[in-house]
Amino acid sequence: GIQVEQSPPDLILQEGANSTLRCNFSDSVNNLQWFHQNPWGQLINLFYIPSGTKQNGRLSATTVATERYSLLYISSSQTTDSGVYFCAVGSTSGTYKYIFGTGTRLKVLA
Amino acid sequence: SQTIHQWPATLVQPVGSPLSLECTVEGTSNPNLYWYRQAAGRGLQLLFYSVGIGQISSEVPQNLSASRPQDRQFILSSKKLLLSDSGFYLCAWNIGGEQYFGPGTRLTVT
Chain A
139 GIQVEQSPPD
149 LILQEGANST
159 LRCNFSDSVN
169 NLQWFHQNPW
179 GQLINLFYIP
189 SGTKQNGRLS
199 ATTVATERYS
209 LLYISSSQTT
219 DSGVYFCAVG
229 STSGTYKYIF
239 GTGTRLKVLA
Chain B
0 SQTIHQWPAT
10 LVQPVGSPLS
20 LECTVEGTSN
30 PNLYWYRQAA
40 GRGLQLLFYS
50 VGIGQISSEV
60 PQNLSASRPQ
70 DRQFILSSKK
80 LLLSDSGFYL
90 CAWNIGGEQY
100 FGPGTRLTVT
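Note that the protein sequences, when read in sequence, are chains A and B. For the first sequence, our numbering gives the first residue as 139, with consecutive numbering after it. For the second sequence, our numbering gives the first residue as 0, with consecutive numbering after it.
Treat the hints with care, since some could be wrong.
Claimed, not checked - The following label-pair restraints were derived from C-beta to C-beta distances:
| id | chain 1 | residue 1 | chain 2 | residue 2 | range |
| --- | --- | --- | --- | --- | --- |
| 1 | B | 41 | A | 189 | 24 to 30 Å |
| 2 | B | 10 | A | 141 | 19 to 25 Å |
| 3 | A | 193 | B | 62 | 42 to 48 Å |
As the list claims (entries may be wrong) - Selected chain A positions facing chain B (Cβ under 10 Å, derived; list incomplete):
| id | residue |
| --- | --- |
| 4 | 180 |
| 5 | 188 |
| 6 | 235 |
Bear in mind the hints are in silico, worked out from the structure with no lab data behind them. Heads up, the beta-carbon is just placed ideally off N, CA and C, and yes, glycines get one too.
Model the full assembly from the supplied sequences, consistent with the hints where possible.
Next comes the structure, spelled out in structure tokens:
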């Protein structure tokens with residue numbers, strides 16, 4: 139099956155700093171999402187980005203499907219950005235099964 | 000808009016007791032539905048998915064089962080809980096690729 143690796147596993151930032159999170163996957167995929175899991179466990183959709191680049195406020199994401207990686211950029215980080223960021227990849231077989239990476243745990247210090 | 004409900008939010012059950020977790024979706028028809036489990040500090044593991052009423056696929060051999068008695072209802076069950084069944088259980092739905100998660104049920108088996 140597809141393997142999904144995320145880096146770094148842990149990240150500590152000072153408020154206002156920028157960061158880049160990476161997601162590598164081992165096979166061709168047709169679906170890719172980034173999620174933020176907040177301290178209460180809720181998974182929040184950040185981007186649905188099987189290819190290309192998208193931006194939403196201070197966050198942006200780029201997926202290069204041919205090279206099997208995706209990047210999530212966080213600019214001017216805030217304490218509310220703390221939590222775990224997951225990348226998930228899936229196929230278009232009709233089942234839309236997603237395989238999750240192990241996540242990047244981000245802590246933003248005030 | 001679409002909404003996904005899960006209950007209960009938290010549950011403490013003794014080893015050997017039965018389990019029933021319910022997930023319902025509003026505002027959509029014929030979604031793909033999924034059950035995931037997240038162990039403490041870990042990523043998400045896909046347990047079951049369903050592409051329609053009565054259609055269940057299991058991803059991991061385990062002590063759990065799933066059923067889909069109605070189009071927008073997905074139930075996770077166990078006849079006898081094990082300590083290793085403890086975790087955070089998340090239901091998700093998907094139409095056309097993008098996946099959305101419910102608030103989750105935190106299960107502790109004692």
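These are the hints, each one checked on the structure:
{"no.": "1", "hint": "B:41 - A:189: 24 to 30 Å", "in the structure": "holds (28 Å)"}
{"no.": "2", "hint": "B:10 - A:141: 19 to 25 Å", "in the structure": "violated (32 Å)"}
{"no.": "3", "hint": "A:193 - B:62: 42 to 48 Å", "in the structure": "holds (44 Å)"}
{"no.": "4", "hint": "180", "in the structure": "holds (6 Å)"}
{"no.": "5", "hint": "188", "in the structure": "holds (8 Å)"}
{"no.": "6", "hint": "235", "in the structure": "holds (6 Å)"}
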